[in-house]
Structure formats: structure tokens, C-alpha cells
Amino acid sequence: MKQKNSNHRILLFLLLILPCFVFAQNTLSGKVSDEKGDTVPFANVIEKGTSNGVTTDMEGNFTIEVPNLPVTLVFSSLGYTTVEQEVTSTSPITVTMPESTEALEEVVITGLATSIKRSNSANAIAMISAEELVGTTPPSTLEGALYGKFAGVVINANSGAPGGGISVKLRGVTSLQGNTQPLYIIDGIYIDNSSIAAGLNAVSAAAAGGSASNQDNPTNRIADINPEDIESISILKGASTAAIYGSRAAAGVIIITTKRGKAGETKFSFTQSTGWNSAINLLGLRNFTEQRVRDTFGDGTVADFVAARNQGRLIDYEDEVYGESGFISITNFNMSGGNENTRFYASVSHNNENGIVNNTGYEKTSLRLNFDHRATDFFKVAFSTNYVYSSTDRGFFNNDNSGTTIGISLVGTTPWLELFPNSDGVYPDNPVGASNALQTRDLVKNNETVNRIIMGGSANLNLYKNDNSNLELILRGGLDFYGQQSRAIFPKELQFQKPSNGGLNGVSIQGDTQNKNYNLSAFLVHNYNTGDDLNFRTQAGLTREYFNQNTVLITATGLVASETNVDQAANTGVDQTRFKQEDSGFFIQEEVNFQDKFIATLGVRGDKSSNNGDANKLLYHPKASLAVNLNKFDFWNQDSEWNQLKLRIAYGEAANFPPFGALFTSYNSFSSNGLLGISLIGIRGDENLKAERQKELEFGADVSFFNGLLNFEATYYIKTIEDLILLAALEPSTGFTQQYVNAGELRNKGIELTLNATPVITNDFQWNTGITFFKNKSEITKLNVEPFNIGAFGATLGTFRIEEGESATQIVGIGPNPGASGFQKWGDAEPDFQMAFTNYLTYKDFELSFLFQWKQGGDNVNLTTLLSDLNGTTHDYDDIDLDPAGVLGNGSYRLSQLGASAEVFVEDASYLRLRELGFYYTLPNKYLSEFLGGSIDQVKLGFSGTNLINIFDYNSFDPEVSNFGGNTPFTGVEVTPFPSSKRYLFHLTVKF
Amino acid sequence: MKINIYKILFFTVMITMMVSCEVEEFSDLNGPEVSAFEDEITRGDLQDLIGGILYSSRLRLGTYYDDCGVIGREYWRFSGSDPRFTTDLLGGGNSVLDNNTFYITGPWAARYRTVKNANLILGFFDTQDLSAQFSTSEIDATIGLLRTFIAYELLLNLNLTNDGGIRLDVADENNLGPFVSKSVALTGIRAILDAGAGNLGNGGGAFPFVLTSGFSGFDTPSSFLKANRAISARVAAYQGDASSVLNYLNSSFFSLNGSDLNTGIYYNFSEDQTDIINPLFISIGGTSAAQARIVQPLFITDAEGGDNRLDKVAQLSEPVTLDGLTGDYIVNRYLSNSDDIPIIRNEELILLYAEANITKNSAEAVIALNIIRNSAGLGDYSGATDTESLINEMLNQRRYSLYAEGHRWIDMRRYNKLDELPIDRPPNPEVPDDGDNVWIQFPIPLTENQ
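Protein chains in written order, with my numbering: chain W, 1 to 992; chain A, 1 to 450.
The hints are simulated quantities; they were obtained by calculation from the structure and are not laboratory data.
Hints are not guaranteed to be accurate.
[What the hints assert, rightly or not] Computed cross-link-like contacts, SDA-like style, restricted to lysine to any residue with a CA-CA straight-line distance of at most 25 Å: (1) K690/W / T769/W; (2) K825/W / V96/A; (3) K117/W / T769/W; (4) K825/W / N99/A; (5) K580/W / L29/A; (6) K825/W / E804/W; (7) K465/W / T271/W; (8) K991/W / Q272/W; (9) K782/W / Q450/A; (10) K926/W / K465/W; (11) K516/W / N99/A; (12) K516/W / G31/A; (13) K580/W / P32/A.
[Stated by the list, open to error] Computed, partial: chain A to chain W, Cβ under 7 Å: (14) D28; (15) V34; (16) Y55; (17) D272; (18) I282; (19) G285; (20) Q291; (21) N449.
Every value quoted in this text rests on a predicted model; they were computed, and no experiment measured them.
Beta carbons are placed, not taken as given, at the ideal position from N, Cα and C, and that holds for glycine.
Isolated chain W, as found in the complex:
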């Protein structure tokens, strides 16, 4: 209740200092409204060529004194096109200001309840519109559309499997053990982005080698969001902007606004995109000769090789499995319309994408209805509802310890093996491996199905208004509910399931997850305007969030007949994982704007969470920022080509909660031959664990020339994470191998540069171009525990190491010249820099857009190559370019390094890609008028592609990969992933 009182006090204070100005000349009055008839409050009304001006009141009314008539009045307001109107008499004026199509670029959303003009923002907030997001080519999933579009945003696909699995990291590593993925908020609704493992470990035994991490490569649930529904995305990259989101904001916040209806004629839009995908880079076969076969596989195999060669049945199994073209169809239909008071936007979309491997694919249906209603002048409500059905078949890939995943199996599959089914459909066993990759591909089912409902509503109530101030109450609620079913079926006829081969006689793993998040919030926003000097905006609010996730995973082995029902099995096991969290917070923020010259913000957020060691302790997250628009000062030459020079500085703090479960030291239950027991699981929790605290200082400058045709933004930030939560190694003789501790400090420093230009603009031809450049350097600045290795598969093969004074993502391993730690540093997962180059060209009715993305540096641990070497199948096995002595073939050389040095397994993962390419043609209107009585507004045809050009030196399918999924800083470990693909699409859009 405290916060409410303080808000009242601020209000009172503001009301008391209300000043008053009076002049006496010709009095003009009028009303400003927009095209929908809504009044435009706080619009600037300026007598042209003078500094004489007023702003409209809440009703859009204004009164201005001018010395002489006639006079030209200039009406401007955020989000509207500036209107000039000549006035000759003192009769009341009615002005209609059209909404600006550039409104989006003008306003950036930063707060929980408010937005700010970009030119006044003290932060480098990246925001893109629908056009930039999906205009070039429709992405498979939302995050796929973010590549290269934001400075400071690192996006990494975990594999090429259809249906997502992409990690997004903002400004470097923000946490080692806690959440590293940004918070997603759509229309005020907190969106769950879990990746729920399907329990494949029961078959792959991937974690049996001691890496407990999830290697199932599930989809992350933000993939459910339909990119076509998005109006804009705004990214708050660090605590300096995101502090107002408090304890969940340390990894940044991605704020998504969906499309809303516009008043007027009901508009329909239909888009169909059809195309295909194919692998971007297959590795190919080793060039086998009799001698090579003899050397690698022994004399016994030579005959098989020769026989197969002579019969012409040396088969490229890589191509057999990964060489398919997957069909893609994306259908989207939306309609919007309404009147002054009630507007709606509705959409239906259906995606169907097959993967480049048979029996993989992604299907999604999304329905959305957004509804806005203005009940009275002072009360309006908005609702969003979204239903999503998605079904993903992801195949069986990545690491295993059982030789069963398709990827692992393929590296051991030589071209002379006969793996195709006979005429009865019976697959032969792979004589040299644990599984037949073709059989696994054709018979294993690994499906995730989601039914999800996302609903939210908000109510805005103007509680109070007078000429200079208004007080608005905003109430918001949001619900994100989904049920996810995972079904992994390994039928008993699989080679590795046959009991005679030591198999489990069929495995059926069925997982069910219920996830329910809801959030409630209430804000009071008070605007107070002294006339022409000062604007105050005061906000106070309360927020409350609830998270509840319950996963039940049933693993059945020894299936009866061809049943997949888990109770028709010899053995069943159940695993339940529950997650609950409650957060509660408040915030207060004061924004002061002095003539758009100085814009200062000061705020604080207070938070409690059940995930804190002390649940009811309030954590405070302050923020402060200042922007100075030098161009608004009197000394600025208003006719200069130099339109804007803004200097800005911002500071903020945010937190990251301990991961759920980190507070407890617990047993888990197991059994021994039917006897139940509870045993420790090797991880020691800490009930006093604190949240990680992020402190970010950012400063920068924005400059703009030639009426905005050339813009440049530069930002430098220092982001420090204190009380870093580590799952630090503990002496295993304690009975625990790891413990959760607050024991370190991590610092990221980075620079982000953005250049936007319109070099050419004529009636027929326009060229917009943009270049972003960013670079981040992380460093562990303090470590209170012994340095430790983390992630990947141990020092022999290259592992990450947390060590004071070193990068948080350094990769070390054994080597000939180890340092004091016994390890040699072989690389760093962090790129040297990333760049993106966007271009948008229009010539008459043609549009061409493309986006190049370049990641320079950053290393991966590539174990696909090693596993291929061990099986003697690597495509470059016999090339000689690694061995410094120039003697050994690459394969033999890499193997000779195994156990001696990890150097060859750590590879540079730089790449340059043509991420997006789009080419469209809009049919001239003259052709349309004759159809359907001229009711067709637009017909657009086009072609687009994703990842059409990929340049990299990395010795595998794609340097963009992560065996351990996305929610970890330790990505870039590769173990036989699903290869990534390029997409080709043809489009047809009809608007009517």
C-alpha cells in the first residue's frame, strides 16, 4: 500500500506547481481529431515560423493566441502526420490528422504501460515492424525472423529440425545457470518459452556419459507464436531499459505487439506461400578405395566394398537420409475493420513444413482475434485471444551413448552396407552398428503436439483530466495456457529394440505437460504538462505473475504386440516434474521532459518471488536515464543538414532468479530390483541462494542527417552480473558433484552501431539500406570458487571453463602446452563481432530486399567430425591439410590428437549468410479494377528464400548448432545434429 501513497504525494506535488501563462491577441480555437474521429490530445499546435505554440487538451481542443491573421498553424503529434493549415478567421477550426505510417519508427515501447518517442528515448531500443520482420520472407518460427535485424541480439538455431529450437541471447552471456533466454511479452501477456524434453534419453542414453543436460533438442515454445500476426517487436536488451520488468528481465525483454483492427472498411488479406527446403550443406562421402577400406576396416571388409562397388550399389546414406526436399505451405488469412468505437483484427494461419528428413515436419494452425472497444470517451478495453495448435515431428538426432540416433548411426554407416528394406518391408540389421539409420528414420516417431491458448485483456480508464493533466488507470491481465503432449515411439522391430540385440523390445515414451501462466497488473499513469516547458509523466503500478508447469513423463519398455499404449508394456516408469513460481512486484517511474531537450527518467521496481531464498523479501531494481537532444537547443542551426544529435545515458538493474530447485538439497526416488529407495542426485542446493543482480550502464548517441535519410546510432554498454549463480564443482567426495552458489561476477562490455540510410529516393526508385555491427566481450571478473569446467564432453574433446579473468565462454582442453590449470585455451564461443547488411529496393511495382548476416569468430566443439573419423567415414579423411608434418590424412591426424590435444575439435564457427532474400511484384491497379467489381485492392506475387547463400569454413553441416539446446550459454557443441536447411518460397498475396 506504500506505493499508492507515494503516488498520491507525487500527484499532489505536481498539481501544486502548476504554472499559468496568459497572453492577449487574436484567439483561435479548434479541435484536432484523427481519421477515426478520435480526438488527438497533447498535439502540438505551433504558429509556423515562430516559437509560439500550445498543445491540445484531452479532448483535442486548443486555443492559441496569434498576433496577426492570416496565419499558418502547424499541427504535429507523435504517431500522426504533421498537418499545416492556413487560418484566415477566428472561427473554430477542425483539423484531421492522419495517422502516420511511420508511427512505429517513432514510438518505442519501453515501459509496462507506456511508450516513448524514439527521438526522446535514452536507450538504444531496437524495434522493428511487421514489414521488416516477415516482409522479406516468412520465417518458419518467430525467432527465425530476428536474425540480423537487431544489434546486440545473438540468435542461434540448435539444429535444423523443423519447428524451432532457437535461442536468443541479448548482449552476451547474462547467466551461467539461470535463465539466459529473454522474457517474451505479447500484448502484456507473459509468454512461456519452455523447452520440454521428450524423455528420449531412455533410448539414446545421451546423459549417461555424465552430461546431465537435456540433449533431446525439443522445440522452445515461443515457436508457437504466429509471426504474421505481429505488428512490431521491441527488444529491451539489458537492465538499463528492462529494469522496470524487474526480476525476470535480466536476460532482456522482447515485447511483441500484435496487429489491431483499424476503423473503416473491412479489409481482407490472403497470403499463400509455397515452396520447399533442402539441406544447405551435406558433407559427402569419403573417397573409398580398396586400400583405404583395408587400412580402416580390415581385410574382411574389402570384399564387401568391392562387391558393392562392382554392383554399383555404393550408397550415399547421408544423401539418402538428409537429401530430401521438404514441402512448405504457409497460408495466412486475416481481416480487420470496425468503426470508431469497436475494432477487430482476426486471422487464421496454417503452416505445414516437411523437414529434409522423411517423417519430420512441422505443422501449425493459429487463430487470433483481437478486439478493441471504446465504451466511452474515457474508458476503453482491448482483448487479444490466440489459439495455437502445433505438431512437430523432430526425428531422433543428436548425441547418444547407444549408437541409436540417426545422426550417430549415419557416421558409422559405410556406402557398401545394405540397409534398405526388402520387398516385405523388413529392414536388415546394420551389421556394423547398433541401428539401421533408414529403419530408425522410417519407424521412430518423435512428436510434440501443443494446444495453446493465449488470452489477454486490458482496460484503460481516464480517471481525471483537465487542460494540463490527466490520470489514467490501466488494468491488464493475461493468460498463457497450453497442454503439450510428447510421443516418442520406438517400435520393437527396430534393430536396437530387439531383445536378441539387447534391446528393450519397444519403447513408448509419452509426456504430458500442462502449463499455466497468468499475470495481473494495474498501473496509474499521470501526465502533466506545464504548457510548453515541462512534461511530467508519473507511473505507478502493481504486477503479479503466476507460473505453474507440471510434466508427467511415462516411459514404457517391453511393448506388447504393436501397442504403443504405455500400460501395454512389461515395464513402465513415471517421472513427474513440477514447477511453480509466484512473483509480485510494484514499480514507480517518473519521466520529465523539458521541451524535448532533456528527457530524464527515474524509476524503481520492487519484486518478490517464491524462487528467492527468502520469498517475501523485496528486491529493488532502480533505473535512471537521461537523453539530451542537442538539436532542440536554440544554438542549433535549424536549417542544418544535421537534423538530430541526441546524447543518451541510462542505468538500470534487474535480477535473475535462481533456477527452480536450486534452493533445495533433495533426494530422488529410485528402485533396486523392486525395492524403493531415495538417493541424493549429486547436486547440492542452497536455501539462502540470492537472485543474480544485473547492473547495466549504457550510453550512446543518435545522429540524423538530411531529414532522416541518414541515421546513425552508436551505443556502448557495460553490463555486470553480480552474485552470479554457479553450479560450481564440489569435491565429489562430499557426495555431491555440484553445488549452487552465488560465487562470481560476470561483465559484458559491448558496442552496437547501426546505420540506416536512404541513398536514393525518386518517384520510381527507392533504396533503403542498413548496416548493424555489434560486438560483445564477456569476462568472469570474480570467482569465489575454484575454476571449473562446464558444458560439452570433457577436456579431451574441448570443454568450457569458468575462470577468473577469462571469457565466460572460453573453450579449453588438453594440449601440449597447458597453462597452470592443466588446460590449454583453444577458443571462445563468443564471436569477435557480428554484422548485418539489409537492403530494400523498390522500382515501380518491384520490390527487392535482402539481408546478409555475418558472424565473425566464435568457436564450436565439433564432435560430428570426430565420430565420423572414428568410423573411418569422414568426407575429408584422406585429405592432408591438418597434419603440420603433412603426413597423416585429416582423419588419422584428428584421431592421433585424441587424448593428446583438443585443438582439432575446436573449430572456428564464423559464417556469412544471405539470410533473407525477397523479390515481389505488385500488380498495377489498372489490371485489378476489372476483377470482382474492382474490390481487389492489391495483388502481389513474389519469391523469397532463407539461407540461400552460406559461406563458412566449418567442417560440418552448419556452424550454427547446439547439442545442449538454447537455454545455456554453452551452445556450439555439435554431435551429429539435424542438418540445417535453406528455404525457397513462392508467394501470392491478395488484399480486398
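Starting from the known structure of chain W, fit chain A onto it as the hints suggest.
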């Protein structure tokens, strides 16, 4: 209408603010917390906690046995997904044993986890008045069993690090005892076993919990005491203390009966989802270069004709090759996913009896060795009976009798005979650091910060 809206809004705001005040504090929703037992431990709890010890004592055993079996050249472990079985463990080329890789970190941590599970129970006992729940003898019986487990788990870790030693005193996780040398560790392990034996002696007629079937016949304090003494005999043998070996054997379940070789205590496995399957079972059909335990060929060629212990290996239709190693026999010691693995059994005790008698009473040693030989379908020992020859014969019988039970490497090490183990991939003299090595011991895991 408007008034209603105000009312609704006002009400909503009030509710929001009121619920904002407190957040609920959750306990661990996914498993019982250790602290839940600190105040009171019931009979049911104790059963679960003991069950946990039976569970965790089997964790990573597969790696332990592979470590011993591969370095002891009993068999090669082929894995398509982990090359280090054929590189690091065999010392292939210039590879060495890493101190932060699964082959040492996995089993080492698992053994200490069992020790911790046991020490936690001992801690609960220490701080609680248990008189309402358990009788004094029941508490003694439990402590005796726990101490036996602790000692055995420590012994397995010492087997890996050998001269590197182990931490003996790990009861207080915040104040771990130092690493002690091998001899101090063996003395300490024996003392723990002796203390446990004392507890078991006072343990009354029954444990206040049930054990798995692997302990049948040893599931009362007095019978479990015999298993404790058997383990003590092995420890004494490792110490080279022949007299104590014989003393311990006397009070163990030792029997000089060639048809009673398998009496003993065992780890059980099952395919139940919360259980562990036998980690050493790979069937013939399931064997490929990607997944195999291939018998070191000398095991077959060195065997005396008619040795029926060769049923512990099985021949493949075609040889399997990986990383320069080729063999056509697989380890067939364990026959299913739910087959038992012995902890200690009478065949070992007879061999320990023979070993202890080599220096004390060589005739008795030969008698014991002949019992083993006869049961394997071999005739009596006819070789020389000097100490050296008998040791070799004893080691050879142990090689076949205890095949794939984790002994060969340790036995050859005890007698400084590791250089007699075969080198499968001899060095190419032109390549530095080439060829396999037989390791003496594993490094102490990195994270012990030694």
C-alpha cells in the same frame, strides 16, 4: 452503467493490490528434501533411505568395471559414441588418462554419493532420539550395515586411484578430511569394516528394513556380518596381511567347497524404469563396433584346454574392429539386462584363502587352487610350488574365475606385474609416444582440487 464500471474497476484494483502482498514459498515439488529427515526419521523413512544406498551403490558400476576390465586387458570396450575407451583407457598413441573425464569422475562420484547417503543416515541417527522408533540393536544393525557399505565404496575408489589415495573422512561435507595414502586408506577402510562388524555383532536378530534379493542369505545382522568379514579379507589381502586374511575368512561365509562358488552378495538389476539395468550386458546380436565388449584374444588362447570358464565369453560370427583392435569374442559373463553382478562371492574367498596360504602353507594353497581348477573342469595343479609359481598360478586362476568382475588389473598391480599385461597396439618406433600403455592408476578427479 458508468457507476457499475467504476465499481468493478475499483474492486479489481483492490483485489489486485491485496493479493500482491504475499507470495507463497514452495518446498521442493519434485523430491523429498534432505532437511525433511533431520527432525524425525521413521521406520518407513529408514527403509527408503537404505533402498537409496542399494540404488546408488550400483551407479556407474559399468564404468568402474570397464575401467578395470579394459586397463586389466580382460576385454576392450568399443563405443561408437565415446572414443576414449579405446584411446585413453588403453593408453593408445600419446593419449593419457584425464582427471576430468567420465571414466574416473563418474564412478568416483557415484561411490562417494553412496558414502554420503550412508553418512546422512548416520547423521540423522546421531542427532535424534530414536527410542520410540527403533530398538538399540536395530540401530546397531543399521550402523553396521552402513559402515560396511561405506568401507566397500571407499575400497572401490581406492582401487581406481591406488597410490593417489582417497579421502577417508567425508562425513562433514563442509570440512572434508585430507587425502590419505593407499596404506592409510586400507587401514582406515579395514577399521571401518571392523567397527561395522562390532555393530553388526550387537545387531540382534533382524534389520529394521528389507534388502534386495542379492543379499538373500545375508539379510540378518549376523549373516551380513559374514559378508562384512569377507570384504575385510579382501582388504587384508590388498594389505598383504596373510594372517588377517585367514582370520577374516574364518568368520566369513568362506567354504572350501567347489560346488559352492557363487554364495555371496550381489548387486541386482532390473528393467524397471526407476532401476538400473546390468551395465555389463551386451548381447551377441547387440554387438557391433558401435557397442561391444570384445574379449582380449589372449584370454582365449592362454586358457588351458577344457577350462569351462571360457563360457564367460562367446564367439561372434564375424570379428569386430574398432580403432585398430579386432576380436571375435564378446564378454558373455552377464547374460541379461537383469543379471546380477557379484560384490563378493565364495570363489574369490577360496582364491583369497589360496593366496594367503602361499606364504604360510603352500600345500593348503594348492588344495584351494585345485578346488577352483577342478570346478573349472581342469585337473590338479602340477606345476612348481615355489612362491613365485604359486602366485602366478593363483593370479591365473583369479583371471579366469573372476573374469569381468573387476579384479585382473588390481591383482596384477598388487604383484607389480602390470608389465606382463599384453600391449595390443605396439609402438611404431618412428612415431613418438606411439603404442598402448598399461596405466597403474587413475588420476584423482580434477574437482577434488588436489
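Taking the hints in turn, this is what the structure says about them:
For the given pair, K690/W sits about 45 Å from T769/W by alpha-carbon distance, which is inconsistent with the 25 Å threshold. The suggested pairing of K825/W with V96/A holds, with an alpha-carbon distance near 18 Å, which does not exceed 25 Å. Of the pairs offered as hints, the one joining K117/W and T769/W holds, with about 22 Å between alpha carbons and a cut-off of 25 Å not exceeded. Using a Cα cut-off of 25 Å, the hinted pair K825/W and N99/A holds, with the two alpha carbons roughly 17 Å apart.
For the hint pairing K580/W with L29/A, the CA-to-CA distance comes to about 8 Å; that is within 25 Å, so the pair holds. A threshold of 25 Å between alpha carbons decides the hint, and for K825/W with E804/W the separation of about 14 Å falls inside it, so the pair holds. At most 25 Å may separate the alpha-carbon atoms for a hinted pair to count; K465/W and T271/W exceed this at roughly 44 Å. Taking the CA atoms of K991/W and Q272/W, the gap is about 12 Å. The hint holds against a cut of 25 Å.
Of the pairs offered as hints, the one joining K782/W and Q450/A holds, with about 22 Å between alpha carbons and a cut-off of 25 Å not exceeded. Proposed proximity of K926/W and K465/W is contradicted: the alpha carbons are some 50 Å apart, above 25 Å. Distance hint between K516/W and N99/A is unfulfilled; the C-alpha atoms sit about 44 Å from each other, more than 25 Å. Proposed proximity of K516/W and G31/A is supported: the alpha carbons are some 21 Å apart, at most 25 Å.
A threshold of 25 Å between alpha carbons decides the hint, and for K580/W with P32/A the separation of about 16 Å falls inside it, so the pair holds. Given hint, D28/A at the interface with chain W, holds; its Cβ is 4 Å from that chain's nearest Cβ, closer than 7 Å. For V34/A, the suggested interface contact is upheld, since its CB lies about 5 Å from the closest CB of chain W, less than 7 Å. About 4 Å separates the beta-carbon of Y55/A from the nearest beta-carbon of chain W, less than 7 Å, and the hint is met.
Hint status for D272/A: holds, given a least beta-carbon distance of 6 Å to chain W, under 7 Å. The interface hint given for I282/A is met, as the beta carbon of that residue sits about 6 Å from the closest beta carbon of chain W, less than 7 Å. A cut of 7 Å between beta carbons decides the hint on G285/A: the least distance to chain W is about 4 Å, and the hint holds. Nearest Cβ of chain W to the Cβ of Q291/A: about 5 Å, under the 7 Å cut. The hint holds.
The criterion of a C-beta within 7 Å of any C-beta in chain W is met by N449/A, whose closest approach is roughly 5 Å, and the hint holds.
Figure legend: structure checked against the earlier numbered hints; hints not met, in rising order: 1, 7, 10 and 11.
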